[in-house]
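Using the sequences provided together with the hints, build the complete structure.
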Amino acid sequence: MASAPSKLYADDVSLVVVLVDTNPFFWRASSLSFSQFLSHVLAFLNAILTLNQLNQVVVIATGYNSCNYIFDSSSDLNQSFENGRMPVMCSSLLQKLEEFLIKDEQLSKEVPEGRIKSSLLSGSLSMALCYIQRVFRSGALHPHPRILCLQGSPDGPEQYVAIMNAIFSAQRSMVPIDSCYMGAQNSAFLQQASYITGGVHHKPQHLDGLFQYLMTIFATDLHSRSFLHLPKPVGVDFRASCFCHKNTIDMGYICSVCLSIFCKHHKKCSTCGSVFGQAQSEAASASDKKRKTPET
Amino acid sequence: MTGGHVTKRAKYKTTIKDPGTPGTLRMTLEKILFVPHNPKSAGKLDVEFRFIKGQKHTKEGSNKPPWLNLTNNQNGSFIFEFENYSDLQDCRDFVGKVLAKSGEVSEKPTVTYPDEQLSAAEMELRIKLLQEDSELQTLHKQFVLSGVLTEAEFWATRKKLLDREANKKTKQRLGFKSAMISDIKPSTDGRTNKVTFNLTPEIILQIFAEKPAVHRAFLTYVPNKMSERDFWTKYFRAEYLHSTKNSVAAAAEAAEDEELAVFLKQDDILASESRWKIRRVDPTLDMDADEGDDYTHLPDHGIFRDGSKEVTESENELYRRTLSQDINRHAAVVLEGRAVDVELEDTRSVAEALAQSKQESSTKGESDGDTSRERLGRVSRMTEIEDLQAPNILPLAPLCIKDPRDYFDSQQANALRTSGDALGGTEQIKCSLSSQEVYGSLRQSISVIKAIGLKDPIVKPEVAHQVFDALTQSISTTKYNIGKNPQESVLDRLPKKIKEELLHHWTSILELLRHFWSSYPITTSYLYTKVNRLKDAMSHIYPQLEEIKGSVPSDLRHQVSLLIRPMHQALDAAIQHYEADMQKRSMRSGERPNGYA
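One line per chain: the protein sequences are A and B, in this order. For the first sequence, the UniProt record's numbering gives the first residue as 1, with consecutive numbering after it. For the second sequence, the UniProt record's numbering gives the first residue as 1, with consecutive numbering after it.
You may find that some hints are simply not true.
[Claimed, not checked] Derived SDA-like pairs (lysine to any residue); straight-line CA-CA distance at most 20 Å:
| no. | chain 1 | residue 1 | chain 2 | residue 2 |
| --- | --- | --- | --- | --- |
| 1 | B | Lys-159 | B | Ser-435 |
| 2 | B | Lys-455 | A | Ala-47 |
| 3 | A | Lys-96 | B | Ala-451 |
| 4 | A | Lys-267 | B | Thr-523 |
| 5 | A | Lys-103 | B | Ser-435 |
| 6 | B | Lys-56 | B | Asp-18 |
| 7 | B | Lys-450 | A | Pro-176 |
| 8 | B | Lys-8 | B | Gln-89 |
| 9 | B | Lys-455 | A | Ile-102 |
| 10 | B | Lys-97 | B | Asn-69 |
Simulated from the structure, these hints should not be mistaken for laboratory data. Predicted model only: the values in this text are computed from it and were never measured.
Shown next, in the form of structure tokens:
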């Protein structure tokens, strides 16, 4: 058993961790229905598994109140009653998804109106990265991991810090984050994520052809990307959100010790506790005003 | 030489032929004041040192009277005749001192802000940095020399660079020369019987280090009992007597002149030092000193040829000194290393510095009584090579990062606020339905798909075709415009000159913005002028950027305008802020009642 996999092991073995957005508020308002979306995604997952015998797929659901692992192609627990209409893999996935939604609903509390209904992208990113770390430590022979975000909900600025941390750790582990954004506006977080980690970001124009987008752009393994032309965004929105109010800002104050971003002048940095000096004092002032410009 | 002024009786002559007006000359650090004795005469003079360029004087040995000629900027001269040459000497030294000091000051450009005291070393560092980094040099030329930023402001943000440069300079201390320079030979004047000894501070330092008795004598006798000149004359007389090895003559002269006797006798300080050293030696390990040292001050190391003590010439024993003694002492001093690090200007300072260092080392030696601790200290001292150690980094305050959970707990509270307007119109999913309904609909979708199965076909062919077309189109156009590599930047595809210009503009804009934003809030008038200067400089950059856009070939124009846009936006934001601030100020000043306008 040890020799056979090594012979078959090639550069294009991939582990794809798919983060599926299950924010019910978004799907309610979306032009693409959730069932159509699911059929696109399920067919896509199947296709990935057929591209190479050793490919692996993991699906994590990004819920409104929680996140959880939905499917793991390498585990043997994919037992489900054989349903003649679809492969076993799909039915077990759907089963788990349903259970997840029930649990997620139970966790929801009454939230006042006006809040942006964003899903917990930071949570699912972190879970994906943890899974990938485990794969890294499993041995020398392991597939090349990447993360694919299928997101539709808008960005939640309160998750800025967590998402940036996840992005930087993905960059450090050399895990590309691809993102397919199905919402109406642009997602700054996902653009930054793909830009920083070297992944692909795309916002499909024809949502009913989502499967085609997924197959053309996101199914390619990392090795082949060096000679394939994939769509590139013209510019990236690099705006940050401030640490105090979680507003998206493009001009603010930065602590020169820990680089935390604030929108208003503070006497003390809330992250590292450095005391900011007078505005005009020579060498002692730790606060500097800087501008982050959106590059378009 | 007294402190900051010199007062002498002198005559002031306007020309050489002029007999001169007698009066008092008083020189302070800033100016020269001459007041004639006769209040009615017209020779009063009040000149600031700034205008004095140089000085000339008549030589002492010549037959001319003692004159001092000070030349000023306009090539006029002021001639002062003194009563004797020592007065002339004092004035000359004073003028020389003031001129040297003012020479540094006049080189700095006139700035309204308080001048920083730049040492010559600091100036050198800056010049060196500018020479090494051409980018820094162009920035410096652009801003400092055209008056937009001052030197101080420019270098204020680059302290780290300067520190790094300063530390790069080797801090190794030069040790003593191995050659015995203290054993100097005089130069003789063939005609007369005079010999001249040339003493430099280096030689003097060695003499003091090797002969502590001479050092002590210097500190006690000069300038109270004798002048430095006399001191050295006596010292060299003693040396001469030693070299003749005529101990009888030495004893005779020592009996007459007690100061000379000091130089002729054995060095009792040395003797006591070596005895002290022996008492403190760690006999197991330290070869620092041994019994032989106790006898270095004695001839032949106290070892006698045939075992018998020589009884003769006992009273002249003290006045004998052998070459081996000198050599050993010199070697010991060289190996000890240089203890004095200050600038050696004149004999007095050398003597005092050496005395101070000796004092320090002796107090250090006496303080620790614990022998094991001392031994450990010795071991660590011997293993460290101070010259080669890295420079002392200033102590840093420890960084404490708060518990990250605080963020995520607080996000609940913050997220309740409407952040919709901050995102500038991005969608808010306003849902008037309850969560129950939406979850229910989701679950329904799942049951639908479970019942029906996957869509058939997954994708309609026409839609797929459409998607393909659009993708191909977009990929090929962006590939043409931007390049294959997602991380590749547009800059690399521009011609080199334009790329450099753009980068230069970017760094200069950053520099200006850095100074601009750090000047707010404006509290002093200096900041006000600074901000105005910066704003003018920033508005100059606009047309330059437009020019670049125009000079680029048309297919690259779009990329270049994309690159220039953030620069424009940054400048716009700064100028907007400036104008808003101006408006606020004018409104505030307009509000004041008439009396305070």
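Against the structure, the hints:
no.: 1; hint: B:Lys-159 - B:Ser-435; result: violated, 58 Å
no.: 2; hint: B:Lys-455 - A:Ala-47; result: holds, 15 Å
no.: 3; hint: A:Lys-96 - B:Ala-451; result: holds, 16 Å
no.: 4; hint: A:Lys-267 - B:Thr-523; result: holds, 18 Å
no.: 5; hint: A:Lys-103 - B:Ser-435; result: holds, 13 Å
no.: 6; hint: B:Lys-56 - B:Asp-18; result: holds, 17 Å
no.: 7; hint: B:Lys-450 - A:Pro-176; result: violated, 32 Å
no.: 8; hint: B:Lys-8 - B:Gln-89; result: holds, 11 Å
no.: 9; hint: B:Lys-455 - A:Ile-102; result: violated, 24 Å
no.: 10; hint: B:Lys-97 - B:Asn-69; result: holds, 16 Å
Hints 1, 7 and 9, counting from the list given before, are not met by this structure.
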